[in-house]
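From first to last, the protein sequence lines are chains A and B.
According to this note's numbering, the first sequence is numbered sequentially starting from 1.
According to this note's numbering, the second sequence is numbered sequentially starting from 1.
Hint data in this document are derived by calculation from the structure and do not stem from the laboratory.
No residue lacks a Cβ here, since even glycine has one placed at the ideal position from N, Cα and C.
Check before you lean on any hint, since a few could be wrong.
As the list claims (entries may be wrong) - Chain A is faced by these chain B residues, among others (derived, beta-carbon under 7 Å):
no., residue
1, 81
2, 84
3, 112
4, 124
5, 188
6, 189
7, 190
8, 215
9, 278
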Amino acid sequence: MPTQMAASLCITFSPSTSKGVSLTVARECGQLVFLEGLKSSVDVFFRAQVEPHPLQFLREANAENLQPLYEFVREALKPVDDGEAAWRCPVLLVDDLSVLLSLGMGAVAVLDFIHYCRATVCWERKGNIVALVHDSGDTEDEENNILLNGLSHQSHLILRAEGLPTGFCRDVHGQLRILWRTPSQPTTQRDRSLTYQYKIQDKSVSFFAKGMSPAVL
Amino acid sequence: MGAGRGKPRALPTRPQYRASAEGGSGADPGGEAGPAWSGVGGAGDVSRPRVSGRRTGACGLLPLPPTTAPNGSSGPSRDSVEWEGRSLLKALIKKAALGLVYYDLFRDPLNWAQTGKALPGGPLGALQAMCKRTDPGPVTVALDSLSWLLLRLPCAALCQALCAMSRQHACRGGGPAAEQLCMLGLLHRELHGPGPTGALSSLAQTEVTLSGTAGQASAHILCRRPRQRPTLETLWFSVLPDLSLDLQGGPPLESQPHPDPHTPQVDPASHLTFNLHLSKREREAKDSLTLPFQFSSEKQQALLRPGPGPATSRIFYEPDAFDDLDPEDPDGDLDV
């Protein structure tokens, strides 16, 4: 469910295209650089690589860091054609970081990768990063907890998507809790957190206040 | 986007801050997450503190009441995901910084860029080198964050390095150690177990733990001065957008519900179709009733003094024609 949520979220960022954004078209226009992890991992194993592959850590027994993956991100952000079409306010979407943990990387290595991405994407290029981490609620999984908390402390905005505490509902798929971590808001009395409920539709998500689902009104 | 639950865990002392700019391009308020200052993994945004090349040991005024340690040697400020502490640390620096030297380790803490400008020994080596470069005299080092160091170094090594730094600085300065080097560190309490957190706490003279209620942040300040009793104090504060610190006296009023004194007490049994009230005689009878299975003092006395009379019980049995009672063998009629 959270994976679907992340994909749907980026669509609702541009409300004028309520029918969804065609990622294929965006990729052809050069607006989207897409690293497909599954396909690329096949290249790592079955094709000889001249230069370090972004997913090089899959081949190495003791991969210590995700520097090749960061270098891929940095190269992708470099302006093409000598700066004519420079990236303006880029957005890096990472889906998802928990997969890197299950592929054998340590939580600190993943946090370092995100730190370097922040330095490049957020500070140099004035962009944003949206990263997804799963929380299974398992307190025994220390690595995932370190990753989740470490990422939370680096974030300005935390979106927690979880199921309804009362169970499954056909019309309300879950609730989203938004937590602002920066106090530098225009008014200090602003709410630090908001909770919405949502329903995932075919190509978009509809949000509403708690208890205000169209199905029950 | 973090999906799931996060559990909610800068010593406000002498505020002479040091941070040093290395390649910093001056004030750059734009951008989503610019580097902070003395950035070991810092994620500053908006305004950076004033950067100047002057290094001074001058002391600034503290907004906090003097009960907090004036001569603290070091202390972690513990925050959590819900109540973040970075803004408090920045506010304290801004309040008191007269000469600020800024070390920017945000962009390349692990030397991935291989520019050749990195100091040997990683971020800890950089920290030690920075302390060695300072002029002798009172100085404060602010670290954002200690958690970053603690995740990458063994806890014992970090503690030893912190102690060694303050000792070395004291030796160079010639004054008592407590007045020479003051260290502020930001620690994220969900990231570490009780062991490392406790070890760092034991090094500290003052600990500030951040939490809050009803949208208002609070700081619980535990102060351990040598040869004095530890003191615990709670302050409510907020950090304004220009990084100034606003202290409030007590918890926010909305969180203290008080009963309305003008509401009359309503008797719920007054408008019923049946009577729930007791008369005086009924009430007396009810109060004097002892419950059968309640062990009262009267029952205890009765058991302790077994007397004749109702204490013994007898069974009366009338045999009919088919009974064949034999007192010697009462079970003789059984066909066993």
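* Does residue 84 of chain B pass the interface hint, meaning its C-beta sits closer than 7 Å to a C-beta of chain A? -> holds, 5 Å
* Any CB of chain A closer than 7 Å to the CB of residue 278 of chain B? -> Status violated, d = 44 Å.
* **residue 215 of chain B as an interface hint toward chain A, with CB separation required under 7 Å** => Cβ of residue 215 of chain B sits 6 Å from chain A, so the hint holds.
* **Proposed interface contact between residue 188 of chain B and chain A, which counts if any beta carbon pair is under 7 Å** => holds, 5 Å
* Asked: With a cut-off of 7 Å, does the beta carbon of residue 112 of chain B approach a beta carbon of chain A closely enough for the hint to hold?
  -> Check passed: Cβ of residue 112 of chain B comes within 5 Å of chain A, closer than 7 Å.
* **Supplied contact hint for residue 189 of chain B, tested at 7 Å Cβ to chain A** => violated, 9 Å
* **Interface hint status, residue 124 of chain B versus chain A (Cβ within 7 Å)** => violated, 15 Å
* Minimum beta-carbon distance criterion (7 Å), residue 81 of chain B to chain A -> Hint on residue 81 of chain B: holds, closest Cβ of chain A at ~4 Å, below 7 Å.
* Using 7 Å as the Cβ threshold, decide whether residue 190 of chain B counts as touching chain A. => holds, 4 Å
Figure legend: structure checked against the earlier numbered hints; hints not met, in rising order: 4, 6, 9.
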